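Chemist: Chains A, B and C, in that order, are what the protein sequence lines are. Take the first sequence: its position 30, counted from the start at 1, is 29 in numbering that gives the first Met the number 0, and no numbers get skipped. Take the second sequence: its position 300, counted from the start at 1, is 299 in numbering that gives the first Met the number 0, and no numbers get skipped. Take the third sequence: its position 93, counted from the start at 1, is 92 in numbering that gives the first Met the number 0, and no numbers get skipped.
I should point out that these hints are in silico values taken from the structure, not numbers from a laboratory. Keep in mind it's a predicted model, so treat the numbers as computed, not measured. Keep in mind that the hints are not guaranteed to be accurate.
In silico DSS-like pairs for lysine-lysine, Cα to Cα no more than 25 Å straight-line [unchecked claim]:
id	chain 1	residue 1	chain 2	residue 2
1	A	K199	C	K23
2	A	K268	A	K199
3	A	K111	A	K314
4	A	K111	A	K76
5	C	K138	A	K204
6	A	K187	A	K111
7	C	K90	A	K203
8	C	K90	A	K204
Quick list of simulated restraints, FRET-style, between CB atoms [said to hold, decoys possible]:
id	chain 1	residue 1	chain 2	residue 2	range
9	A	A196	B	S69	41 to 47 Å
10	B	S252	C	R128	27 to 33 Å
11	B	S69	A	D210	31 to 37 Å
12	C	F18	A	I318	56 to 62 Å
13	C	F18	B	G23	46 to 52 Å
14	B	A92	A	S239	49 to 55 Å
15	C	P31	A	D210	57 to 63 Å
16	B	V46	A	H71	42 to 48 Å
17	A	R351	C	P31	46 to 52 Å
18	C	P31	A	W95	25 to 31 Å
One side only, chain B facing chain A, incomplete, derived with CB under 7 Å [claimed, not checked]:
id	residue
19	M55
20	Q56
21	L59
22	G60
23	P61
24	K152
25	Q231
26	A232
27	F325
28	S327
29	Q336
30	R337
31	K341
Here a beta-carbon is modelled for each residue, glycine too, at the ideal position from N, C-alpha and C.
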Amino acid sequence: MSVTDRLLGDRQRLAYIASQAADSRLNVELETEGMTLNIGPQHPATHGTLRIIARLDGEQVVWAEPSCGYMHRGYEKLAEVRTYPQVTTLVNRIDWLGSFANEVPFILAAEKLMDVEAPARAQHIRTILFELSRIANVSLFLGDLGVQMGAITPVFFAFRDREYVLNLIEGATGGRFHPNFDRIGGLKDDLPKGWIAETKAVMKKLRTFCDQIEELLFGNEIFQSRTRGIGVIPRDVALSFGLSGANLRASGVDWDLRRDHPLPMAWNKADWKVWTHPDGDSFARCWVRLQETREATKIVDQLLDTIPSGPIMAKVPKIIKVPEGEAWVSTENPLGEMGYYVVSRGELGPFRVKIRSASFNNISITPWLLRGVYVPDIVTILASLYFILGDIDR
Amino acid sequence: MIGTLASQLGLLGGLLAVEIPYWGQSLLRVLGGAVAVLLPAGTIVYVFLFKMMSFMQSRLGPMEAGPYGSLQLVAEVGKWLQKEDIVPERADARIFKMAPIVVLVSTFLLVAVVPFGPDAWFTNFEVGIFYALAVSSLSVLGILMAGWASANKYSLLGGLRAAGQLIAYELPMVLAVVGVVIQAGTMNLQEIVVAQNAGSIFGFSGLGNPFILTQFVGFAVFMVAIQAELTQAPFDMPIAESELVSGYMTEYSGFRFLIFFIGEFATAGVFSLLASVLFLGGWGLPFAWFGWTDIDSVDNWMNLVGPVIMITKMMLVAFIIMWVRFSSPRLREDQLQRFAWKVLIPVSLGNIAVTSIFKVVM
Amino acid sequence: MAKVPGLVKGLGVTLGTLFETVTKGANTVQYPHEKESPPTRARGVIALHEGNCTSCMLCARSCPDWCIYIEGHKELAPPRREGGKPRQVNKLDRFDIDYALCMYCGICVEVCPFDALFWSPEYEYSEPRIADLLHDKAKLGEWMETVPEAPELESGAEKKKK
């Protein structure tokens with residue numbers, strides 16, 4: 000057995016052979032060597048420390064592979080030695096742009112194990128905050144899209160209008176980026192006075208922002224020529240690679256966990272629509288996210304009108320020991336489907352938490368998708384797939 | 000040629016009651032050249048890059064350095080000067096160090112031929128515009144040198160993209176200018192200015208005859224071509240900040256990067272000056288307002304007011320360039336090339352055909 | 000009227016924002032000349048009310064970072080009334096919060112059974128040396144002056160029992 004056979008596993012061996020084959024094909028065709036370009040880990044285009052090893056033939060990609068793990072913080076290991084409130088704090092930081100959304104599936108899993116349901120008011124407000132974090136997350140995506148394409152102005156609009164949402168979250172929870180607000184059995188605190196009126200005003204501003212982005216970016220012919228037809232993911236490929244969220248819906252699959260997986264949250268109390276797009280290209284993914292942001296503002300508006308009154312916390316003991324068992328809960332997070340598999344042995348903290356994060360599965364499609372595209376298209380495709388490094392690496 | 004400016008400086012000497020020796024005049028000329036390049040650069044950087052871009056993004060821009068941030072450029076220059084001068088180990092050091100200078104030299108050579116007043120010019124070539132277009136292509140060489148010598152794959156990609164793009168967009172620029180030359184009947188920039196200001200549109204001489212009115216197609220093509228020559232969005236593939244970090248400028252730090260940075264805006268300023276000379280009437284106001292008929296009857300005070308008018312017109316053109324830069328995403332390299340070869344060149348060729356027909360007929 | 004190309008509309012948006020900034024002012028706050036005040040609940044810094052603290056160690060135990068350092072000793076206090084037994088009280092020797100480690104999660108404030116820890120929206124306490132970010136008992140007591148009243152709750156909320 001050669002050195003490579005002994006040291007590498009099966010998958011790695013196959014990848015190595017594929018890259019050698021790509022190289023030799025290049026060498027035969029052009030009698031020149033291809034160029035291996037490392038995109039990242041420090042790079043403006045990768046949203047964080049992602050490394051994409053691309054073998055280029057001029058400006059065309061022959062072979063690409065993502066290499067993640069530069070931001071691995073060991074969440075699942077950390078969770079083994081922390082109590083439930085402490086894990087909730089940590090888990091905020093996985094997808095740091097829409098951080099309330101990370102807490103929710105974890106808390107729901109723990110509540111499932113405890114057989115406790117949060118009171119209606121808590122469920123309602125949880126859903127409102129969840130949608131607010133979706134808006135915060137995706138509005139940054141819309142701005143970032145501009146920067147990746149070269150338009151430097153939309154990102155400032157995005158930050159300007161996202162600021163309102165962050166101020167809302169801070170008013171309610173005390174933290175702009177890391178609310179740490181969800182507790183087993185309900186929420187930590189109730190909403191401060193005037194929050195509902197303020198939120199309604201902010202939702203109006205966000206709809207204006209969506210219109211502005213549509214005019215400035217989506218209507219721009221250059222943007223359309225950069226994104227239409229680029230990075231097409233057919234429906235069955237999307238399903239087989241485990242994509243989720245807007246990436247899946249942009250390939251024509253009508254799948255939204257908020258509607259399809261019933262959970263003790265208030266999504267079924269509002270009237271909203273699931274947006275899909277048949278094309279599956281980069282434009283479709285960006286467009287679906289824009290529409291989802293608008294839809295999220297509508298959900299928040301409707302839910303704000305119908306918040307039931309009552310307690311914000313169910314009757315749970317002060318020191319919570321979750322009974323033995325295993326539970327899996329996944330929700331439709333801003334980035335896709337995020338789920339937690341919590342194993343409990345009846346103690347103050349979980350025994351084992353497995354985190355299924357959306358971006359990890361979303362970028363698994365990049366080797367398949369990036370073959371044959373130009374270098375600028377790599378940036379477009381990565382921008383439209385939209386991942387957060389904290390979500391990939393945990 | 001040289002005599003006229005010398006006589007002007009002699010006039011200045013007469014005003015100051017002192018005889019300026021020849022070396023003094025040359026020194027003043029050199030300083031004038033430096034000012035003619037750096038003043039537009041500095042103004043464009045402050046007004047458009049620092050302030051206009053910020054205002055378009057709902058923020059105020061630099062406010063701390065000087066009143067309303069006016070000394071920010073001085074602070075930036077100081078900052079870049081005190082940075083370490085890094086030459087990558089495997090870079091071709093001599094070419095690496097020469098590249099920014101080549102780019103800047105082409106800008107200085109270009110401004111030598113721009114007239115600022117009836118007697119306030121550096122050189123007055125008979126083939127002024129031909130020289131200008133030839134010399135503006137030097138910067139392509141500098142960018143290629145920077146991209147290749149940096150020993151960096153990103154810089155190489157940027158340099159190669161720049162080579163393709165800049166050469167492709169030279170042609171529409173030249174062809175757009177040919178329309179102006181046909182209409183003016185001369186390649187001499189000073190005479191093009193006079194032709195615009197002394198001319199009349201269908202007998203109405205109140206506005207002169209700025210070529211932007213008749214050569215509007217040429218103006219549009221020229222503006223697009225300048226946008227591409229300056230590697231500004233939507234044609235900034237060579238720099239492509241989100242992909243190539245900084246393209247051919249990636250490995251440069253300190254003073255060398257400053258030369259690239261100032262060079263970029265200085266070239267923007269000089270191209271805007273050129274556009275205002277070719278299309279907007281240059282340093283002049285319509286002669287009919289003052290009762291002048293040709294270049295010799297223009298009063299002397301125009302030599303002092305001319306540069307001010309030039310700066311104003313330059314700012315107008317630069318405003319358009321920068322406005323488009325801040326509002327557009329960038330085109331991909333092959334889309335860029337397709338646009339230049341399949342759209343701009345046929346359009347400008349058509350413009351030349353129509354202009355020639357009109358010139359012969361009228 | 001032919002459709003205006005998207006490029007031109009985009010130019011209109013930026014020009015519109017330019018005029019808006021010139022006439023109505025920018026969206027940014029020129030810190031440090033002007034400062035925004037954070038909401039009441041903002042998690043800026045933790046303040047300690049020493050009188051309430053019994054060094055039960057619940058906060059130190061529940062901190063995910065273990066950034067609270069508590070040392071205390073037991074003392075005998077005089078009896079509450081004549082002829083009674085002397086009571087044992089916990090006296091606090093050291094209560095440090097290391098803000099270089101603190102994650103600003105608020106679990107310590109939440110679990111304290113004696114209401115000794117409070118959130119304050121103060122955020123301007125950065126130091127040139129990391130070691131100075133360890134706030135001791137006295138400094139934490141000073142932050143008490145900046146603690147705001149708890150905000151009123153929205154309509155429909157249950158009245159708080161305590």
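Chemist: Against each hint, give a clear statement of whether it holds in the structure.
Modeler: Hints, one by one, checked against the model:
1. Between K199 of chain A and K23 of chain C the CA atoms are separated by roughly 23 Å; this keeps the pair inside 25 Å, and the hint holds.
2. For the given pair, K268 of chain A sits about 18 Å from K199 of chain A by alpha-carbon distance, which is consistent with the 25 Å threshold.
3. This hinted pair checks out: K111 of chain A and K314 of chain A have alpha carbons roughly 15 Å apart, not beyond 25 Å.
4. For the hint linking K111 of chain A to K76 of chain A, the alpha-carbon distance of about 22 Å falls within 25 Å, and the restraint holds.
5. Between K138 of chain C and K204 of chain A the alpha-carbon distance is near 41 Å, which puts this suggested pair outside the 25 Å criterion.
6. Distance check on the hinted pair: K187 of chain A and K111 of chain A sit about 18 Å apart at the alpha-carbon level, within 25 Å; holds.
7. Note on K90 of chain C and K203 of chain A: the hinted pairing is violated, with a Cα-Cα distance of about 54 Å set against a maximum of 25 Å.
8. For a cut-off of 25 Å, the pair hint linking K90 of chain C to K204 of chain A is broken: about 53 Å separates their Cα positions.
9. At about 42 Å, the beta-carbon gap between A196 of chain A and S69 of chain B stays in the expected band of 41 to 47 Å.
10. Range check, S252 of chain B to R128 of chain C: about 30 Å between beta-carbon atoms, so the 27 to 33 Å window is met.
11. Hint check: S69 of chain B to D210 of chain A, Cβ distance near 36 Å, so the stated range 31 to 37 Å holds.
12. Between F18 of chain C and I318 of chain A the beta carbons are some 59 Å apart, a value that agrees with the proposed interval 56 to 62 Å.
13. The supplied range of 46 to 52 Å is met by F18 of chain C and G23 of chain B, whose beta-carbon atoms lie about 48 Å from each other.
14. Distance hint for A92 of chain B and S239 of chain A: a CB-CB separation of about 52 Å, consistent with the stated range 49 to 55 Å.
15. Evaluation of the 57 to 63 Å hint for P31 of chain C and D210 of chain A yields a failure: the beta carbon distance comes to about 35 Å.
16. Restraint check, V46 of chain B to H71 of chain A: a C-beta distance of roughly 47 Å satisfies the suggested window 42 to 48 Å.
17. In this structure the hint that R351 of chain A and P31 of chain C lie 46 to 52 Å apart at CB holds, the actual value being about 47 Å.
18. A C-beta distance of roughly 26 Å is found between P31 of chain C and W95 of chain A, which places it inside the suggested range of 25 to 31 Å.
19. Checking M55 of chain B against chain A: minimum C-beta separation of about 6 Å stays under 7 Å; hint holds.
20. Taking 7 Å as the C-beta contact cut-off toward chain A, the hint placing Q56 of chain B at the interface holds, the least distance being around 4 Å.
21. Hint status for L59 of chain B relative to chain A: violated, with the closest Cβ pair at about 12 Å, above 7 Å.
22. Because the smallest distance between the Cβ of G60 of chain B and any Cβ of chain A comes to about 11 Å, over 7 Å, the interface hint for this residue is violated.
23. Taking 7 Å as the C-beta contact cut-off toward chain A, the hint placing P61 of chain B at the interface is violated, the least distance being around 15 Å.
24. Taken as an interface hint, K152 of chain B checks out: its beta carbon lies about 5 Å from the nearest beta carbon of chain A, inside 7 Å.
25. At about 10 Å, the closest approach between the beta carbon of Q231 of chain B and any beta carbon in chain A exceeds 7 Å, and the interface hint on this residue is violated.
26. Satisfaction of the interface hint for A232 of chain B is found here, the shortest Cβ-Cβ separation to chain A being roughly 5 Å, below the 7 Å cut-off.
27. Evaluation of the F325 of chain B hint against chain A yields a held restraint, the C-beta minimum of about 5 Å falling below 7 Å.
28. About 6 Å separates the beta-carbon of S327 of chain B from the nearest beta-carbon of chain A, less than 7 Å, and the hint is met.
29. Nearest Cβ of chain A to the Cβ of Q336 of chain B: about 12 Å, over the 7 Å cut. The hint is violated.
30. At a threshold of 7 Å, the smallest CB-CB gap from R337 of chain B to chain A is about 10 Å, leaving the interface hint violated.
31. Taking 7 Å as the C-beta contact cut-off toward chain A, the hint placing K341 of chain B at the interface is violated, the least distance being around 14 Å.
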